[in-house]
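Participant: Here the protein sequences come in this chain order: A and B.
Each step along the first sequence adds one to the number in the numbering used here, with nothing skipped, and position 71 is 88.
Each step along the second sequence adds one to the number in the numbering used here, with nothing skipped, and position 224 is 513.
Hints may be right or wrong, so weigh each one.
[As the list claims (entries may be wrong)] Cut-off 25 Å, straight-line C-alpha distance, at most; resulting in silico cross-link-like pairs (SDA-like, lysine to any residue): (1) Lys434/B x Ala21/A; (2) Lys398/B x Ala21/A; (3) Lys434/B x Asp113/A; (4) Lys326/B x Lys355/B; (5) Lys434/B x Asn174/A; (6) Lys398/B x His27/A; (7) Lys434/B x His27/A; (8) Lys434/B x Gly169/A; (9) Lys434/B x Asn176/A; (10) Lys398/B x Thr172/A; (11) Lys434/B x Ala112/A; (12) Lys434/B x Gly31/A; (13) Lys398/B x Ile149/A; (14) Lys398/B x Asn174/A; (15) Lys398/B x Ala57/A; (16) Lys320/B x Ala297/B.
[Stated by the list, open to error] Covered stretches of chain A (chain B as the covering partner; in silico rule of three or more C-beta atoms under 8 Å from a C-beta of chain B): (17) 65-79; (18) 95-108; (19) 125-138.
Since the hints were made in silico from the structure, they are not lab data.
Note that this is a predicted model, so its numbers are computed, not measured.
In this text, a Cβ means the ideal position worked out from N, Cα and C, and glycines have one as well.
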Amino acid sequence: MTAASPVPVHPRLGARVAYRLQRVLRPNVGYRWLGARIEASGVARTLFTGAEKQTKTPLFGCRMCGQCALPVTGYVCPMGCPKELRNGPCGGVGADGSCEVYPERRCVWVDAYDRAASQGRSGDLRLLLRPIDHRRWGESSWLNYWQGRDEGLWTGNANSRPGAQR
Amino acid sequence: VSLRERLASGGFAVTAEISPPRGASTAQITKTAESLKDWVDAVNVTDNQGSNVRLASWAGSLAVLKTGLEPVMQMTCRDRNRIALQSDLLGASALGIRNILVMTGDHPKFGDHPGARPVFDLDSVQLLWTLRTMRDQHVLLSGRKLDPAPDCFLGAVENPFAPPVPFRAERLGKKIAAGAQFVQTQFVFDVPVFGRWMEQVRDLGLHEQCGILAGVGAVRSVRALEYMRDHVPGVEVPDDVFRRLRSVPPDKSAAEGVKLAAEIIQQLGEIPGVAGVHLLVAGNEQAVPDILDEAGIRVSKELRGTDGR
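Please construct the entire structure, taking both the sequences and the accompanying hints into account.
Facilitator: Here it is as structure tokens:
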């Protein structure tokens, strides 16, 4: 975890728009080429990573873990959970859907379930998310996504191993 | 009969809970385990419950094991990273502790060291998945080989009452996919709500893959009930439970609590797919025989047939 303690954030971007953007941002030859060009230059990489942060922090409360789970969590950041739970809510959620640690805020998983279900995507929440690699904090998850480096972040196959598949 | 065998045989399993002391002695644990061992199949040993420092769960489990009762070692993700958690499983297994109950753990904010760094390196699903892989595929999370692999019976927890309620059965499914072989639930006071969760559990076929133990509490007083409602995260106490406990004189409330627990056990026993109960009686262990007696569950576990009664 980073210096700032995680706090649940309700996304500013509506679920419908977020899932639409997902279709637009899916990796393809163009993005891969663009990503490779950006990664070839240290300055371009820093600028791009900064731009990602400037975009995702106000929208999702992104903390730049570099291993973005938003596409399978109803576009609610699970790293805002004070326990950083990536596989669903803890047992301490209040009856009104409030976070146990920050009762004035809504549990990110209550939010995630509602948003995913509203778009017919609640099945995403069944996926098993692997433990994150703490060396990757601060990296651009967009670059990782376009370059196919985060394909092992989750799996629907319970027989596969929990260790990083890279 | 081990907890694993009891559940495999389709018998009605009973577990209880011991909280280790704030001090360097296992004497109290041994005494409590001795008093429980003819009544329950296994007993949980909590892991710094409520984020308060207590004697280590593995040490308490070892003390329980020595009395001839089976421990269920609780393991939370709050205080240890993936290295320490895997190491603890190896140690526990080597010492003969078989049942491991995996949970996220309360946030440090609620305990006696609120300024502590919360670890949560793995979540409960990831930890179950890791432990199962260590046992079945003989590898660590890193992929490194283990020799010999640990032997363990893996448990999880679930709170059927906490939002998002429609996701709670699915969440248990996730834990089972990750490795859970039994589950203990949060306190059941509201049996109809629990019954609706069990319906979903059965629809998903989860009761056939995992022993489901419903959490039942013995409430000693109205004050204890209020404490539970206000200070134990994720516990909801319906108003009629309060009404019922307030309707008797204070010196009778403990007896009323026993009666209530027994009634809830009987109602739970009628729900298809419930494999047993987990008695959440920490600090009130002497109530266990009375509750089981009142519920009509035969006193000695050796006498209990495979149908459990």
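Participant: So, against the hints stated earlier in the document, which numbers end up violated here?
Facilitator: 1, 3, 7, 10, 11, 12, 14, 15, 16 and 17
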